[in-house]
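From just these sequences and the hints, can you work out the full model?
There are 6 protein chains.
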Amino acid sequence: MFFHKQELQFKATPDNPDAVYARKLQEVLGGQYGEITVALQYSFQAWNTHIPGKYRDLLFGIGAEEFGHVEMLATMIAQLLEKAPLGITDDAVQSDPAIAAVIGGTDMQQAIVAGAGARPVDSNGNPWQGSYVTASGNLLADFTANANAEMQGRVQVARLYHMTDDSGVRDLLSFLLARDTMHQNQWLAAARELQEEGAESLPVPSNFPINKEERSVSYQYLNFSDGAAAAEGSWASGPTPDGKGEFTYHDGPTTSAPMPPPTHPDSRFYGTTELPNTVEKVAGAVQDKLRRE
Amino acid sequence: MFFHKQELQFKATPDNPDAVYARKLQEVLGGQYGEITVALQYSFQAWNTHIPGKYRDLLFGIGAEEFGHVEMLATMIAQLLEKAPLGITDDAVQSDPAIAAVIGGTDMQQAIVAGAGARPVDSNGNPWQGSYVTASGNLLADFTANANAEMQGRVQVARLYHMTDDSGVRDLLSFLLARDTMHQNQWLAAARELQEEGAESLPVPSNFPINKEERSVSYQYLNFSDGAAAAEGSWASGPTPDGKGEFTYHDGPTTSAPMPPPTHPDSRFYGTTELPNTVEKVAGAVQDKLRRE
Amino acid sequence: MFFHKQELQFKATPDNPDAVYARKLQEVLGGQYGEITVALQYSFQAWNTHIPGKYRDLLFGIGAEEFGHVEMLATMIAQLLEKAPLGITDDAVQSDPAIAAVIGGTDMQQAIVAGAGARPVDSNGNPWQGSYVTASGNLLADFTANANAEMQGRVQVARLYHMTDDSGVRDLLSFLLARDTMHQNQWLAAARELQEEGAESLPVPSNFPINKEERSVSYQYLNFSDGAAAAEGSWASGPTPDGKGEFTYHDGPTTSAPMPPPTHPDSRFYGTTELPNTVEKVAGAVQDKLRRE
Amino acid sequence: MFFHKQELQFKATPDNPDAVYARKLQEVLGGQYGEITVALQYSFQAWNTHIPGKYRDLLFGIGAEEFGHVEMLATMIAQLLEKAPLGITDDAVQSDPAIAAVIGGTDMQQAIVAGAGARPVDSNGNPWQGSYVTASGNLLADFTANANAEMQGRVQVARLYHMTDDSGVRDLLSFLLARDTMHQNQWLAAARELQEEGAESLPVPSNFPINKEERSVSYQYLNFSDGAAAAEGSWASGPTPDGKGEFTYHDGPTTSAPMPPPTHPDSRFYGTTELPNTVEKVAGAVQDKLRRE
Amino acid sequence: MFFHKQELQFKATPDNPDAVYARKLQEVLGGQYGEITVALQYSFQAWNTHIPGKYRDLLFGIGAEEFGHVEMLATMIAQLLEKAPLGITDDAVQSDPAIAAVIGGTDMQQAIVAGAGARPVDSNGNPWQGSYVTASGNLLADFTANANAEMQGRVQVARLYHMTDDSGVRDLLSFLLARDTMHQNQWLAAARELQEEGAESLPVPSNFPINKEERSVSYQYLNFSDGAAAAEGSWASGPTPDGKGEFTYHDGPTTSAPMPPPTHPDSRFYGTTELPNTVEKVAGAVQDKLRRE
Amino acid sequence: MFFHKQELQFKATPDNPDAVYARKLQEVLGGQYGEITVALQYSFQAWNTHIPGKYRDLLFGIGAEEFGHVEMLATMIAQLLEKAPLGITDDAVQSDPAIAAVIGGTDMQQAIVAGAGARPVDSNGNPWQGSYVTASGNLLADFTANANAEMQGRVQVARLYHMTDDSGVRDLLSFLLARDTMHQNQWLAAARELQEEGAESLPVPSNFPINKEERSVSYQYLNFSDGAAAAEGSWASGPTPDGKGEFTYHDGPTTSAPMPPPTHPDSRFYGTTELPNTVEKVAGAVQDKLRRE
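Protein sequence lines, in the order shown, are assigned to chains A, B, C, D, E and F.
Mind the numbering: the first sequence is residues 1 to 293 in full-length UniProt numbering, read in order.
Mind the numbering: the second sequence is residues 1 to 293 in full-length UniProt numbering, read in order.
Mind the numbering: the third sequence is residues 1 to 293 in full-length UniProt numbering, read in order.
Mind the numbering: the fourth sequence is residues 1 to 293 in full-length UniProt numbering, read in order.
Mind the numbering: the fifth sequence is residues 1 to 293 in full-length UniProt numbering, read in order.
Mind the numbering: the sixth sequence is residues 1 to 293 in full-length UniProt numbering, read in order.
Keep in mind the hints are simulated off the structure, nothing from the lab.
Given the structure is predicted, the values throughout are model-derived calculations rather than measurements.
Any given hint could be a false lead.
[As the list claims (entries may be wrong)] Not everything, but these chain F residues come out facing chain A in the computed CB check (under 7 Å): (1) Ile112; (2) Ser167; (3) Pro205.
[What the hints assert, rightly or not] The following label-pair restraints were derived from C-beta to C-beta distances: (4) C/Ser267 <-> E/Ala257: 52 to 62 Å; (5) F/Thr255 <-> C/Glu197: 54 to 64 Å; (6) E/Asp165 <-> F/Ser267: 22 to 32 Å; (7) B/Lys83 <-> F/Lys212: 56 to 66 Å; (8) A/Arg215 <-> E/Arg215: 51 to 61 Å; (9) B/His264 <-> C/His250: 38 to 48 Å; (10) C/Ala229 <-> D/Glu7: 24 to 34 Å; (11) F/Ala229 <-> B/Asn16: 17 to 27 Å; (12) C/Ser267 <-> E/Arg215: 18 to 28 Å; (13) B/Glu274 <-> C/Ala228: 45 to 55 Å; (14) C/Asp15 <-> B/Pro260: 24 to 34 Å; (15) E/Pro209 <-> C/Tyr249: 43 to 53 Å; (16) B/Gly53 <-> E/Thr255: 25 to 35 Å; (17) E/Ala257 <-> B/Thr254: 25 to 35 Å.
[Unchecked claim] Some residues of chain C that are not near chain F, with every Cβ distance over 10 Å (derived): (18) His162; (19) Ser237; (20) Pro260.
Ideal Cβ positions, reconstructed from N, Cα and C, are used throughout, including at glycine.
Laid out in structure tokens, this is it:
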């Protein structure tokens with residue numbers, strides 16, 4: 001169960017309206033790596049996890065915080081839009097290129113659809129979607145997904161920091177940056193702990209019988225491009241991070257197989273095959289040729 | 001530039017047709033973590049990278065391999081569908097529940113749309129989409145995204161391994177599992193190397209001026225759920241992975257702010273406000289009440 | 001802020017596994033009118049509302065409950081999948097048409113992607129999306145949207161009730177049905193109260209200056225089909241619900257205008273226009289004709 | 001069957017070109033509550049309805065009108081774009097910030113893809129989609145959906161009215177506003193008539209055996225937030241709109257259940273479980289630890 | 001304007017219910033090349049065309065017919081679902097694998113969402129979307145798009161023909177096949193007429209100044225794969241269909257350019273660059289290394 | 001298999017940065033008819049084809065070239081963004097309407113998400129999707145799809161040519177225009193060759209037994225609009241392109257059927273039917289009426 005409290009985790013009030021920035025902030029609310037994603041991702045991971053205890057508690061504990069971040073951003077966006085020109089027009093407005101420029105850069109649906117409010121979309125207006133969520137039930141894979149989400153998210157907030165000089169907005173961003181710092185650290189710590197406890201190890205999933213994979217190519221770097229510098233990396237020689245092999249470097253594939261012949265499914269799929277296979281077809285072709293001549 | 005060679009990297013021929021399995025394989029071809037995703041993800045990261053040399057060569061080198069994996073899966077799917085009942089019907093077929101069961105589990109668009117062929121969609125028929133791709137220009141974030149993609153992908157292939165006992169299919173999967181093992185190791189090695197070289201460190205992005213984040217909350221675990229076990233993890237006390245702080249544990253938020261008052265945008269957005277603000281509105285309300293009585 | 005409690009609002013445990021039903025339940029979790037929709041819809045309406053007090057408190061109060069319903073359904077789905085055949089196969093399984101039938105009817109991504117867990121998608125596997133959310137800032141419009149969402153939702157749960165005879169599942173559905181009953185009543189009561197208080201009236205938005213609409217057609221039923229029975233309805237004669245007019249019935253439109261002539265945008269858009277407009281074009285056409293002869 | 005007539009229902013010609021406004025108008029053509037939605041929604045409801053006569057005739061009668069509204073808007077958009085700068089450039093244009101501002105605010109696909117024409121998308125360029133359509137077969141639910149669609153649509157048109165001062169555009173909008181007024185009234189009248197005739201009543205669906213829902217919570221307002229004002233509303237005490245109960249007010253849930261234990265699906269899904277379950281896994285963990293030391 | 005008549009263009013009544021087939025028929029109603037696509041595609045082309053007269057009349061004349069085809073299919077689908085088992089269950093049904101197989105193959109949203117009715121989606125349940133529509137304003141390009149749509153559509157209907165032996169369904173399909181035959185012929189005739197009249201010729205768009213394209217590569221077949229057989233085709237030598245050149249054959253590219261160096265955007269985008277660019281970054285890296293040792 | 005070479009097929013370097021144009025170019029990279037579409041479309045057609053030899057070699061040969069076009073455009077976009085103002089702000093920038101105008105017209109995700117890089121999306125930011133791909137297995141249908149894709153693509157590039165005067169960009173476009181010229185010619189030649197060889201003829205699919213279509217309407221032009229000019233076209237009289245009939249012209253449909261009666265599915269779908277069908281329903285209606293009085 002979730003309970004709501006009519007307080008925010010941090011102050012979220014801009015100094016000034018800024019409708020263009022209100023559009024940009026949508027990215028970290030409703031984008032691929034926005035707050036809706038992490039809130040639902042950690043929640044679905046908790047619901048799909050197969051072990052009680054600290055890992056599930058961690059997922060629930062952070063997931064609920066992220067719903068509150070959605071709220072802070074939605075609240076901030078509404079205030080950024082409150083006094084801003086959103087295309088409500090009169091003669092004066094239309095003749096001012098500066099205001100026209102502002103309006104051109106806004107999310108028009110924030111105005112027309114939401115009446116100067118936030119929406120569950122990204123900065124290009126694409127609706128948030130469930131396919132952003134990763135929750136596989138394998139915690140090492142999922143914690144790595146979470147570390148990535150917090151990294152991408154913090155990169156985006158850092159970029160947004162420089163796109164405004166409003167101190168109220170920057171205050172909120174400084175808080176979100178700090179929480180992303182925490183969450184990056186936490187998921188990496190959790191991924192490490194999973195491995196130290198032997199719950200999972202590399203390669204993920206670690207309990208798949210490894211002898212069933214084609215081990216001859218498990219540690220080969222196969223270079224399918226013509227850049228040679230990749231041979232210098234720690235991924236091209238030396239021990240592998242999973243502790244189970246040695247990297248080797250190869251220019252191009254080490255295996256190959258002839259391409260199987262084309263398929264010939266049932267003729268009632270009406271795909272094109274090499275020879276006319278009905279009398280009608282021949283007749284049609286003849287007729288076509290005659291007509292053209 | 002890309003060049004194509006009419007060979008496969010590994011043999012990809014099933015022993016028997018299996019139209020239901022042909023649908024399942026679509027997941028690792030055209031799903032969120034399928035081969036189209038990694039092929040285009042590594043390519044876009046290469047195109048967006050800001051440094052020449054080993055990291056870019058690595059991205060190009062692996063990206064091109066993944067396009068070949070798309071091809072192996074598409075080829076396999078077409079063969080699985082070649083002799084399978086795909087809903088082409090006759091009296092006998094319709095009265096056999098076993099065949100009906102098979103048909104019910106197929107991807108009907110593989111039959112109706114592709115004529116017994118593969119499609120750029122996942123196992124539920126959702127089209128692949130560009131929003132699956134992550135390419136931020138920050139390599140530590142992106143290599144973490146790649147490690148996650150290879151982990152999720154290998155988990156899915158491992159599951160698929162047990163959903164068939166066709167030895168031809170399993171051979172291909174054993175090859176893909178091995179390559180996923182390689183790629184997990186490689187991206188983790190590359191992420192480590194980036195940090196050892198000082199190109200990036202934690203928290204990502206590492207060159208954002210850290211004093212501009214709200215450091216007081218950068219290492220606090222804030223438990224927004226009522227499970228207590230998360231306090232036992234390495235993310236709740238001790239040094240943080242970024243080497244810059246100490247984790248602390250807190251039950252609930254350590255900061256709060258009153259929720260800002262509701263906004264009052266321009267009345268021409270026609271949102272509902274607390275008091276009737278036009279004579280017309282009052283009149284309308286009175287009229288409504290009279291009518292009801 | 002949101003807080004999570006590791007309890008459910010109601011018991012949510014099936015008597016038996018049922019993987020096909022686990023797919024069906026996804027509809028009311030992640031479909032157009034599923035619980036994710038109402039949870040986020042009421043939350044966004046609260047964040048976008050322009051008045052403090054009872055209406056906003058109502059939106060927050062119910063919104064948070066709905067997040068808990070998402071959780072109950074996700075929990076139920078994982079249990080329905082726990083012991084069910086999800087395509088994990090061995091020889092015995094494959095030869096049993098009954099089990100094949102079951103597997104054919106499952107959501108294959110619940111198995112391959114989520115490892116026997118719930119996902120933020122509908123019963124056809126379409127990801128939930130932000131465009132399902134309605135939050136316009138106009139409360140009479142939005143409460144009507146909410147009443148509709150609860151009606152559609154309750155219709156779907158009622159249908160699902162008859163698609164199982166598992167008493168554990170039915171218990172949960174009986175609870176959801178009751179809450180949908182409550183929420184239908186509540187949104188209709190709120191919509192009525194808004195009008196009685198004069199905050200909004202019909203037509204929505206009520207404070208748009210009504211003389212600026214083309215009043216001559218504001219209460220005309222215009223029949224663009226050839227069925228005559230619609231003339232018998234209360235929408236074809238008598239007073240209108242907004243209390244401001246009288247319905248009249250008309251066969252077809254009462255107004256018309258000639259279609260404007262086709263547009264002629266800049267020729268550099270290379271649309272087709274009636275006459276060849278460049279020498280080159282004429283030459284090309286001549287050449288084409290010659291070649292055909 | 002549908003027949004087309006090369007006339008418009010109302011004049012639809014702007015006084016002046018306005019490419020930015022042409023983008024905005026896309027919202028009510030191809031957005032969630034645009035004319036394509038209502039045209040197809042009423043049509044699908046008619047095709048799915050289970051009763052002949054006045055209700056079906058009404059659905060057909062209005063549905064066909066709405067297709068004509070799509071046409072009026074598409075026609076208007078093409079004219080707004082006809083002489084407007086759409087990014088066709090020369091030196092003079094590029095150096096003028098006013099024109100640059102205009103171009104920045106346009107829908108670039110109207111220019112690049114449609115050659116200065118309308119498209120089946122919304123004002124942010126999101127393609128119209130079938131998931132906007134509601135047609136459940138339950139007419140009280142569906143007429144409520146329709147009333148909502150007309151309310152949301154009229155709110156959007158009212159907002160658009162103030163975003164232009166072009167008298168030709170405003171004329172068209174004044175017509176659409178009037179028709180939305182009509183359609184709001186009509187669907188509310190139809191919903192009322194359904195109930196008066198006993199075809200449906202509250203709660204929807206009214207013929208689900210109500211004793212099968214958990215009646216103890218059917219009229220409880222459960223406040224999952226900490227705002228107290230919702231207790232003052234007509235949804236917290238007094239008779240319910242369905243005439244079958246009395247509202248009561250409760251702070252928080254009145255029921256609860258322990259969360260079921262985590263699931264343990266087949267190990268071949270490779271989810272993470274609490275204890276290493278293979279020798280290999282233990283070995284891997286030991287190896288990992290050794291490597292780190 | 002559009003007018004509706006409560007008749008169908010052709011009889012559309014199945015002999016027997018068939019819920020699995022009802023799902024399959026969705027493809028030609030709401031799929032990429034279904035009837036909604038062609039109805040709206042021809043309509044948008046008509047609204048975007050720049051010439052009055054026969055071509056526009058043709059677009060309107062056929063577009064309106066296609067809306068009627070949507071109606072026939074929706075009507076047929078509802079009837080196929082009318083008496084079919086759609087998951088409405090009782091003990092007997094559940095124990096019958098034949099019925100289970102049927103239910104597994106149905107579109108569950110036709111049951112749960114539409115109450116045994118059609119929906120604007122394809123046979124995998126993907127919602128129809130506006131991006132299926134092509135309407136560029138260039139009639140030769142668009143008529144080619146239309147010819148393709150009718151070919152793909154007829155292929156799909158032909159496949160569906162063999163997936164049923166219901167004579168009522170087959171009657172409807174035989175009608176749709178005939179109309180697709182007509183429409184293929186018609187669009188090809190129209191494309192030919194456009195060229196004969198000189199309104200457009202190849203390459204499309206024909207009035208782009210052809211000297212502004214890089215003519216040296218305009219007729220070169222560049223083989224980027226290693227299959228040699230393509231050299232035998234009429235696209236590798238001889239005169240070109242546009243009558244303006246001669247095909248030549250080349251193994252691989254005839255031009256090349258070095259890849260430009262990686263970009264170095266503003267450092268505040270926090271992409272990874274080759275050298276640590278802040279003191280902080282160096283310090284972080286040193287600290288990282290120390291911590292690891 | 002695919003191999004990558006770190007060279008471009010043609011030079012792709014702009015003279016100057018232009019962030020607005022970088023957004024526009026996304027259309028031909030990641031739009032419906034962009035390079036990702038044709039690269040994957042030709043590849044899937046090759047994988048789904050049923051004949052070895054020249055046609056499949058052609059598909060592979062061109063498909064691989066198109067992947068290189070994706071790369072050229074992505075490279076160009078990154079350079080256009082390299083020095084451009086992307087919303088990184090300071091006081092001076094914000095006060096300059098010209099720069100504000102530029103920023104308003106940019107793709108904000110190129111900045112926030114990709115850090116000044118290209119993305120797999122179109123010019124409105126819609127992600128590329130698998131449903132753009134056409135690969136039916138019928139080569140005449142598919143080559144027509146390809147001809148259309150190259151025509152639409154060349155129209156778009158031609159429009160983009162006039163939206164810039166940067167000579168570096170125009171050089172790249174002149175190359176793409178030429179390749180589109182080639183590919184239009186090539187697919188039309190291949191379509192013609194297919195017919196001349198008798199592999200396919202009109203109507204597609206040509207080997208469907210034509211006597212199973214309703215031949216009486218196979219060549220009738222049925223005018224469902226009121227424009228009379230379509231009677232003048234070559235599609236209204238004379239021989240048909242498939243060489244199998246004569247066009248005839250008809251005002252409106254030549255066939256009709258009464259609309260079937262509405263369906264009555266199982267009452268447990270809770271659709272609305274004409275008469276109250278349960279005692280409870282009647283009681284509810286009575287109660288409702290009483291309450292209203």
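Going through the hints against the structure:
At a threshold of 7 Å, the smallest CB-CB gap from F/Ile112 to chain A is about 5 Å, leaving the interface hint in force. About 27 Å separates the beta-carbon of F/Ser167 from the nearest beta-carbon of chain A, more than 7 Å, and the hint is not met. The interface hint given for F/Pro205 is met, as the beta carbon of that residue sits about 4 Å from the closest beta carbon of chain A, less than 7 Å. Separation of C/Ser267 from E/Ala257 is about 32 Å and departs from the stated range, judged on CB atoms against 52 to 62 Å.
Remark: the range hint 54 to 64 Å for F/Thr255 to C/Glu197 is upheld by a beta-carbon distance near 58 Å. Between E/Asp165 and F/Ser267, the C-beta spacing of about 30 Å keeps the proposed range 22 to 32 Å intact. In this structure, B/Lys83 and F/Lys212 break the distance hint of 56 to 66 Å, their C-beta atoms being roughly 25 Å apart. In this structure the supplied range 51 to 61 Å holds for A/Arg215 paired with E/Arg215, their Cβ-Cβ distance being about 54 Å.
Our hint of 38 to 48 Å for B/His264 and C/His250 holds, since their Cβ atoms are close to 42 Å apart. For the pair C/Ala229 and D/Glu7, the supplied restraint of 24 to 34 Å holds, since their beta-carbon distance comes to about 26 Å. Judged by the Cβ atoms, the range 17 to 27 Å given for F/Ala229 and B/Asn16 is violated: they are separated by roughly 58 Å. Restraint check, C/Ser267 to E/Arg215: a C-beta distance of roughly 22 Å satisfies the suggested window 18 to 28 Å.
Range check, B/Glu274 to C/Ala228: about 47 Å between beta-carbon atoms, so the 45 to 55 Å window is met. As the Cβ distance of C/Asp15 to B/Pro260 is approximately 49 Å, the hint placing it in 24 to 34 Å is violated. Checking the proposed 43 to 53 Å range against E/Pro209 and C/Tyr249 shows it is violated: the Cβ atoms sit about 59 Å from each other. In this structure, B/Gly53 and E/Thr255 meet the distance hint of 25 to 35 Å, their C-beta atoms being roughly 26 Å apart.
Between E/Ala257 and B/Thr254 the CB atoms are about 57 Å apart, so this pair departs from the stated range of 25 to 35 Å. Not every CB of chain F lies more than 10 Å from the CB of C/His162, the least distance being 4 Å, so the non-interface label is violated. Under the 10 Å C-beta cut-off, the non-interface status given to C/Ser237 relative to chain F holds; the minimum distance is some 20 Å. For C/Pro260, the non-interface assignment is confirmed: its Cβ lies about 15 Å from the closest Cβ of chain F, beyond the 10 Å cut-off.
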